[in-house]
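Participant: Just so we're aligned, residue 19 is where the sequence shown starts under the working numbering, counting upward by one.
None of these hints come from the bench; they were simulated from the model.
Hints may be right or wrong, so weigh each one.
[Stated by the list, open to error] Cross-link-like lysine-lysine pairs, in silico, PhoX-like; alpha carbons within 25 Å at most:
(1) LYS193 / LYS176
(2) LYS273 / LYS258
(3) LYS374 / LYS333
(4) LYS604 / LYS582
(5) LYS607 / LYS582
[Claimed, not checked] For each label pair, taking beta carbons as the anchor points, the in silico distance ranges come out as:
(6) ARG331 / ARG292: 17 to 23 Å
(7) VAL259 / GLN477: 49 to 55 Å
(8) ASP260 / ALA300: 19 to 25 Å
This one's a predicted model, so the numbers in the text were calculated from it and none came from an experiment.
Virtual Cβ for every residue (Gly too), placed ideally from N, Cα, C.
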Amino acid sequence: MKRISTVLFAAVVGMGTPSAWSQAGAPLLLGEPPVLDPAERILLRPGELPAVRLTADILYRILAAEIAAQRGEYGQATEYMYSLARETSDPRLAKRAFQFAMAARDLGAALRAAKQWVLVSPNDPDAVASSLALSASSGQSSGLASNLRERIESASNKERAIAEAASIVGKMSDKRVAYEVLENALPDSVRSIPLAQLALADAAWQAEDAVGALEAAREALRLAPDSEMAAQRVLEYGLKVDSRAAIRDTEEYIKKYPDMRRLRLLLINRLVLRHEFDAALAHVADMRRRAPEDFDLLYTEAEVNARAERYDRAKELLNQYIEVQEQRGSALPDKASTAGGDESEARLLLVQIAEKQGDLPEAVRQLDLIDDPSVRFQAQIHKAVLISRSGDLEGARRTLQALESQDDNERSVVALTLASIYRDSGRSEEAIKVLEKADADLPETPEIKYDLAMLYERQGRYDDFERLMRQIIELSPDNANAYNSLGYTFADRNVNLDEAEELLEQALELEPDNPYILDSVGWYLYRTGDYAGAVEYLRRSWYQLPSGEVAAHLGEVLWMMQRKDEAREIWKQGLDHEPENEVLLKTLKRFGVRPEKAR
Numbered sequence: 019m020k021r022i023s024t025v026l027f028a029a030v031v032g033m034g035t036p037s038a039w040s041q042a043g044a045p046l047l048l049g050e051p052p053v054l055d056p057a058e059r060i061l062l063r064p065g066e067l068p069a070v071r072l073t074a075d076i077l078y079r080i081l082a083a084e085i086a087a088q089r090g091e092y093g094q095a096t097e098y099m100y101s102l103a104r105e106t107s108d109p110r111l112a113k114r115a116f117q118f119a120m121a122a123r124d125l126g127a128a129l130r131a132a133k134q135w136v137l138v139s140p141n142d143p144d145a146v147a148s149s150l151a152l153s154a155s156s157g158q159s160s161g162l163a164s165n166l167r168e169r170i171e172s173a174s175n176k177e178r179a180i181a182e183a184a185s186i187v188g189k190m191s192d193k194r195v196a197y198e199v200l201e202n203a204l205p206d207s208v209r210s211i212p213l214a215q216l217a218l219a220d221a222a223w224q225a226e227d228a229v230g231a232l233e234a235a236r237e238a239l240r241l242a243p244d245s246e247m248a249a250q251r252v253l254e255y256g257l258k259v260d261s262r263a264a265i266r267d268t269e270e271y272i273k274k275y276p277d278m279r280r281l282r283l284l285l286i287n288r289l290v291l292r293h294e295f296d297a298a299l300a301h302v303a304d305m306r307r308r309a310p311e312d313f314d315l316l317y318t319e320a321e322v323n324a325r326a327e328r329y330d331r332a333k334e335l336l337n338q339y340i341e342v343q344e345q346r347g348s349a350l351p352d353k354a355s356t357a358g359g360d361e362s363e364a365r366l367l368l369v370q371i372a373e374k375q376g377d378l379p380e381a382v383r384q385l386d387l388i389d390d391p392s393v394r395f396q397a398q399i400h401k402a403v404l405i406s407r408s409g410d411l412e413g414a415r416r417t418l419q420a421l422e423s424q425d426d427n428e429r430s431v432v433a434l435t436l437a438s439i440y441r442d443s444g445r446s447e448e449a450i451k452v453l454e455k456a457d458a459d460l461p462e463t464p465e466i467k468y469d470l471a472m473l474y475e476r477q478g479r480y481d482d483f484e485r486l487m488r489q490i491i492e493l494s495p496d497n498a499n500a501y502n503s504l505g506y507t508f509a510d511r512n513v514n515l516d517e518a519e520e521l522l523e524q525a526l527e528l529e530p531d532n533p534y535i536l537d538s539v540g541w542y543l544y545r546t547g548d549y550a551g552a553v554e555y556l557r558r559s560w561y562q563l564p565s566g567e568v569a570a571h572l573g574e575v576l577w578m579m580q581r582k583d584e585a586r587e588i589w590k591q592g593l594d595h596e597p598e599n600e601v602l603l604k605t606l607k608r609f610g611v612r613p614e615k616a617r
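With these hints in hand, go ahead and build the complete structure from the sequences.
Facilitator: Take a look at the structure:
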């Protein structure tokens with residue numbers, strides 16, 4: 019399966035949610051609960067830099083490495099920088115070599131660079147962490163736990179040593195091994211320190227051991243009853259084990275510590291996700307009684323009501339919030355920019371509500387009221403999309419043309435948006451003209467090439483499609499979508515299957531859990547006769563992306579395996595999700611199954 023658009027998803031579709039434009043200091047968004055950060059890591063002061071004169075040769079080699087990296091030639095960049103690091107003993111160059119090797123996904127070279135980094139900067143915890151974690155990820159974890167234990171036992175600052183150990187194991191790719199290493203690294207003498215239990219809780223959670231995570235979080239809270247970090251983890255990890263008990267216990271805890279704002283906001287978030295809106299609003303009301311000056315709670319209450327589809331109350335609260343922000347901006351000119359950002363969040367939520375109520379003119383009006391420079395451009399892009407939905411394509415085009423793009427990225431977004439508007443209106447030729455001009459003006463923009471290639475593919479212009487996809491791969495070697503789209507198209511057309519395999523393997527290596535890529539791999543395996551393998555990958559894709567196209571593919575494979583009842587059931591579910599999906603309807607017609615019979 020191919021993605022239709024990449025940039026447009028982030029730049030246009032994502033605009034429907036205020037969280038896409040959240041600013042620092044903005045009110046809590048229910049889609050973005052407080053992050054349960056591990057304890058802050060304390061960095062050691064790096065050692066003195068070597069006294070090496072910057073010669074013309076060294077400068078040339080540094081530039082050569084950076085230019086190679088910009089071209090995506092990370093292996094060459096790693097070798098340049100690693101050899102320089104060894105010659106100069108400069109930790110900055112060793113660190114850069116490590117970064118290039120990681121970008122190249124060459125763990126052997128990364129480990130070699132990390133060891134050089136440690137050699138020249140033994141007191142830099144980032145260097146030590148990178149070296150030890152890579153050694154462990156390479157199967158050399160036998161000495162890691164004992165090494166960390168020795169460091170903790172000999173440290174004068176135990177909390178710092180625990181935090182550094184947690185950081186080191188956090189870099190390991192195998193999270194279950196990381197949890198075991200940390201468990202063995204913490205001596206009994208530090209397990210009564212709350213931070214140790216928090217570190218264990220987080221490691222267990224990353225290892226998908228929710229029970230172990232909850233037990234450690236509870237122990238941390240027992241050791242530090244007023245720790246909000248511990249209480250947050252008890253809630254978050256407990257929800258996975260016994261959600262009702264986790265909420266009940268958190269509500270009891272809040273009775274003792276009612277002023278823990280982040281914990282209460284996290285609880286409100288989780289209650290909303292469970293559609294327990296009245297309980298969430300009760301907590302907001304109690305918080306407002308306790309802190310009437312906390313005007314951000316107006317926004318939180320509005321968002322809960324919006325999620326509950328109580329739109330009139332949500333709009334009333336948002337307008338109150340906007341009025342407060344305008345007053346704060348007038349009273350505190352030096353903070354006007356922050357207030358403006360907060361006001362924009364409220365207007366974006368009003369845009370959402372208007373769209374859900376089918377009131378596009380009101381949504382456009384609210385977008386025009388946004389004057390915060392940081393979101394003004396995106397607001398006008400979304401305005402153009404809404405105008406096009408009302409059928410006024412010329413008005414949408416004028417809105418886009420009126421935008422003063424500040425850079426190539428904004429210019430590409432304008433072109434991609436206009437092309438998307440034409441494409442969705444059935445005017446593919448005009449969309450192609452827009453993108454062809456944009457590709458000529460901005461020839462190194464993979465997103466423009468991708469959308470243009472997809473339009474060519476729809477028209478059966480496979481040579482042009484293939485040419486652009488290969489250009490994308492050359493420009494952006496880590497672009498999983500390009501490998502996937504080209505590989506899928508070869509498999510779907512039953513051509514170049516050997517290359518299709520290579521392309522899809524590369525895509526899968528870059529994004530192993532991407533449902534689009536899983537679908538493509540499954541479809542390739544079906545084309546090559548590996549039905550069992552195809553079902554495995556297609557089911558994995560279906561669980562993440564229950565779309566009509568994936569249902570069409572999975573159902574077809576099951577049908578060919580004579581598992582026709584299972585095929586009909588998958589097709590039925592696909593129709594429930596996307597009753598007009600073209601690929602699914604064509605598949606049903608090909609096998610003589612009427613849609614109503616599949617249902």
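Participant: Work down the list of hints and note, for each, if the structure agrees.
Facilitator: These are the hints, each one checked on the structure:
Proximity of LYS193 to LYS176 is assessed by CA-CA distance (about 23 Å); at most 25 Å being required, the pair is judged to hold. With a CA separation close to 23 Å, the supplied pair LYS273 and LYS258 stays within the 25 Å bound. Under the criterion of a C-alpha separation no larger than 25 Å, the hint pairing LYS374 with LYS333 is consistent with the structure, at around 13 Å. This hinted pair checks out: LYS604 and LYS582 have alpha carbons roughly 17 Å apart, not beyond 25 Å.
This hinted pair checks out: LYS607 and LYS582 have alpha carbons roughly 15 Å apart, not beyond 25 Å. Range check, ARG331 to ARG292: Cβ separation about 20 Å, and the 17 to 23 Å hint holds. As the Cβ distance of VAL259 to GLN477 is approximately 53 Å, the hint placing it in 49 to 55 Å holds. Checking the proposed 19 to 25 Å range against ASP260 and ALA300 shows it holds: the Cβ atoms sit about 22 Å from each other.
Checked against the numbered hints given earlier, the structure satisfies every one of them.
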